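Numbering (mature numbering (1 follows the signal peptide of the UniProt record, and there is no 0)), first residue to last: -23 to -1, 1 to 181.
Simulated from the structure, these hints should not be mistaken for lab results. You may find that some hints are simply not true.
Said to hold, decoys possible - EDC-like cross-link-like pairs, simulated, lysine to aspartate or glutamate; straight-line CA separation at most 16 Å:
{"hint": "1", "residue 1": "LYS84", "residue 2": "ASP128"}
{"hint": "2", "residue 1": "LYS165", "residue 2": "GLU178"}
{"hint": "3", "residue 1": "LYS102", "residue 2": "ASP113"}
{"hint": "4", "residue 1": "LYS116", "residue 2": "GLU178"}
{"hint": "5", "residue 1": "LYS72", "residue 2": "GLU94"}
Only a predicted model underlies this, so the values are computations on that prediction, with no experimental measurement involved.
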Amino acid sequence: MKKSFIAATVILSLSMSATGAFAEYRLDGTPSPNQVKDADGNIIIQTLSAPIGDVPPLPIQDVHDANGNVIGQTRDAKPQDSFGGLHYVIVVGGKALEAGSRSAYLKNERLLVPLREISEALGYKVTWNADTYSVDVTKGAVWSGVFIGKDNYSFGKMAPVQLGAAPELKDEVTYVPLTFFSDILKLKTQIDETGVVNISEVQG
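Hey, can you work out the whole structure from these sequences and the hints?
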């Protein structure tokens, strides 16, 4: 009986020590309850953790004891990028980008997405300026400009806005934070826990 109690205490302690790093987030960025379950599916711990920017909820992972036995389930402690674990699917205006298109990836707790593919799918014109290492995004009277390596995003005649991550050029593709589309172009963006990124025009 004493051994069973000690074992249960150790398992609970292991689970509790892991919980602080595991989090689940609502789409609006507010923390939601994070549940840790035992091997029988019973909830043994429920906590709240702070959000970390654009990062979507991460896949459920098994928690093992020192002998390799599964003692519960929680979410992975380290954010996965699209090439190492969680594969993002980008849906623009209700249509998924074609297979083989550039995907998204995480960097410093920010989700970066391909600028040209998404913008053009929404009817924007994208112009690469080789001399200034910048990109213009236009649609009618709407204009926005970004510079590779600079966390300054312009929109019309307004002062540049910082989003916490600079545009990046990878394999001749410009990537920007997902918040470029929500905060700069004022589009609707959502991420679900399976890695589906939805971007669409705001209705109304």
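These are the hints, each one checked on the structure:
no., hint, result
1, LYS84 x ASP128, "holds (14 Å)"
2, LYS165 x GLU178, "holds (6 Å)"
3, LYS102 x ASP113, "holds (8 Å)"
4, LYS116 x GLU178, "holds (13 Å)"
5, LYS72 x GLU94, "holds (12 Å)"
Going down the numbered hints, you'll see the structure goes against none, and every one checks out.
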